[in-house]
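Undergrad: Assemble the whole structure, with the sequences as input and the hints as a guide.
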Amino acid sequence: MDPLSPDNIDALARQALDDSVEHLDGYTLSRLNQARKLALEHSAQPRHWTMERWLPAAAASSLAAVLIVMLLLPGEPTTEASLHFADIVEAEPAFVAMEDPELLEDLDMMLWLLDEESHAS
Amino acid sequence: MDEFLRDIERRALRMAEFSTGNRDDGLEIVQEAMLGLVKRYSSRPANEWKPLFYRILQSRINDWHRRQKVRNRVMSVVHWVKGDEDDSPVDIVEQAPASYHSNPDDAIQLSLKTEVMIKAIGQLPKRQQQAFMLRAWEGLSVAQTAAAMTCSQGSVKTHYSRAVHTLRDKIEDED
Chain A
837 MDPLSPDNID
847 ALARQALDDS
857 VEHLDGYTLS
867 RLNQARKLAL
877 EHSAQPRHWT
887 MERWLPAAAA
897 SSLAAVLIVM
907 LLLPGEPTTE
917 ASLHFADIVE
927 AEPAFVAMED
937 PELLEDLDMM
947 LWLLDEESHA
957 S
Chain B
2 MDEFLRDIER
12 RALRMAEFST
22 GNRDDGLEIV
32 QEAMLGLVKR
42 YSSRPANEWK
52 PLFYRILQSR
62 INDWHRRQKV
72 RNRVMSVVHW
82 VKGDEDDSPV
92 DIVEQAPASY
102 HSNPDDAIQL
112 SLKTEVMIKA
122 IGQLPKRQQQ
132 AFMLRAWEGL
142 SVAQTAAAMT
152 CSQGSVKTHY
162 SRAVHTLRDK
172 IEDED
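Taken in order, these protein sequences are the chains called A and B. Mapping of the first sequence onto this note's numbering: residues 837 to 957, in sequence order. Mapping of the second sequence onto this note's numbering: residues 2 to 176, in sequence order.
Warning: the hint list may mix true and false statements.
With a straight-line Cα cutoff of 16 Å, these simulated EDC-like cross-link-like pairs (lysine to aspartate or glutamate) come out [said to hold, decoys possible]:
hint, chain 1, residue 1, chain 2, residue 2
1, B, 114, A, 855
2, A, 873, B, 29
3, B, 158, A, 877
4, B, 40, A, 877
5, A, 873, B, 33
6, B, 51, B, 33
7, A, 873, B, 8
Where chain A lies over chain B, by a calculated footprint (3+ residues, C-beta under 8 Å) [as the list claims (entries may be wrong)]:
hint, stretch
8, 18–31
9, 38–47
10, 66–74
Pulled from the structure, derived: some chain B residues nowhere near chain A, Cβ distances all over 12 Å [stated by the list, open to error]:
hint, residue
11, 77
12, 78
13, 79
14, 126
15, 127
To be clear, the hints were calculated from the coordinates, so they are not data collected in a lab. By construction, the Cβ of each residue, glycine as well, lies at the ideal position given by its N, Cα and C atoms.
TA: Below, the structure written as structure tokens:
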């Protein structure tokens, strides 16, 4: 077997990366521990994907139309849909006016998850 | 969720640290990603957490690079106003990340081969590095990696392939 074949490069890289994180210093481990505990304290309430909760009516109906179109796109629906979604969101005044990057990230993620579910079924 | 975060935290830190060249910034990014995942997606099925987490992590890393770019531009203007000789703006977003050096506080001296590989990965262009680490180390599928990196699956394959070739060349040079 070629020692520098892609599979071997992968294996060498994985081993090297695993070794590099095996013995992190105490300060770093403590920071990671704190980060994890802080995150878990904010364990979410189940999210309700109701558009009315966030969106004005105009943006909600625009979003519904966007999602339907995105899921019908041919080709590579998952990432292509997300990329098209980003373009459409930027052009839609109702979305631009919201200026909430977390919300836009949520919407983009929701689209991807819906697409994953439709592929799985 | 606790078990998931425990399993993923070290790899996530390494990825963030490679990208920023700085452990403290890497730690902050990992903290933000953990918080983002738990606050917004803990109700999702557990098999979705990994790609979701890395999507958030990459987003935070990109935010960091954007802030650095703005900061560098501001500093360039400051230098220009002050009449400093070197006033060329530094665009760090697309540059290869700074050479990665193992943290001197870490408890073990890595073997030479490991150091060579780690250094080589650290020197990969950002997108190649992301694709390679998500695919080869974290084991994400091409589709999941594309979602995490917000690019096409074709781009993932290209970045990954180039990363492998670059790493092979560097390893060969060291032998």
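Undergrad: Each hint: holds or not?
TA: Outcome of the hint check:
1. 114(B) / 855(A): holds, 11 Å
2. 873(A) / 29(B): holds, 14 Å
3. 158(B) / 877(A): violated, 38 Å
4. 40(B) / 877(A): holds, 9 Å
5. 873(A) / 33(B): Distance of about 12 Å is within 16 Å: holds.
6. 51(B) / 33(B): Holds, because 15 Å separates the two Cα atoms, which is no more than 16 Å.
7. 873(A) / 8(B): Holds, at about 14 Å.
8. 18–31: holds (count 3)
9. 38–47: The restraint on the stretch 38–47 of chain B holds, since 8 of its residues have a Cβ under 8 Å from chain A and three suffice.
10. 66–74: Contact hint for the stretch 66–74 of chain B vs chain A: violated, 0 residues under 8 Å.
11. 77: holds, 26 Å
12. 78: The assertion about residue 78(B) holds, with a minimum of 25 Å to chain A.
13. 79: Label holds. Min Cβ-Cβ 27 Å, cutoff 12 Å.
14. 126: Nearest chain A Cβ is 16 Å from residue 126(B), so the label holds.
15. 127: Consistent with the label, residue 127(B) stays out of reach of chain A, its closest Cβ about 17 Å off (over 12 Å).
In this structure, the hints that do not hold are numbers 3 and 10, in rising order.
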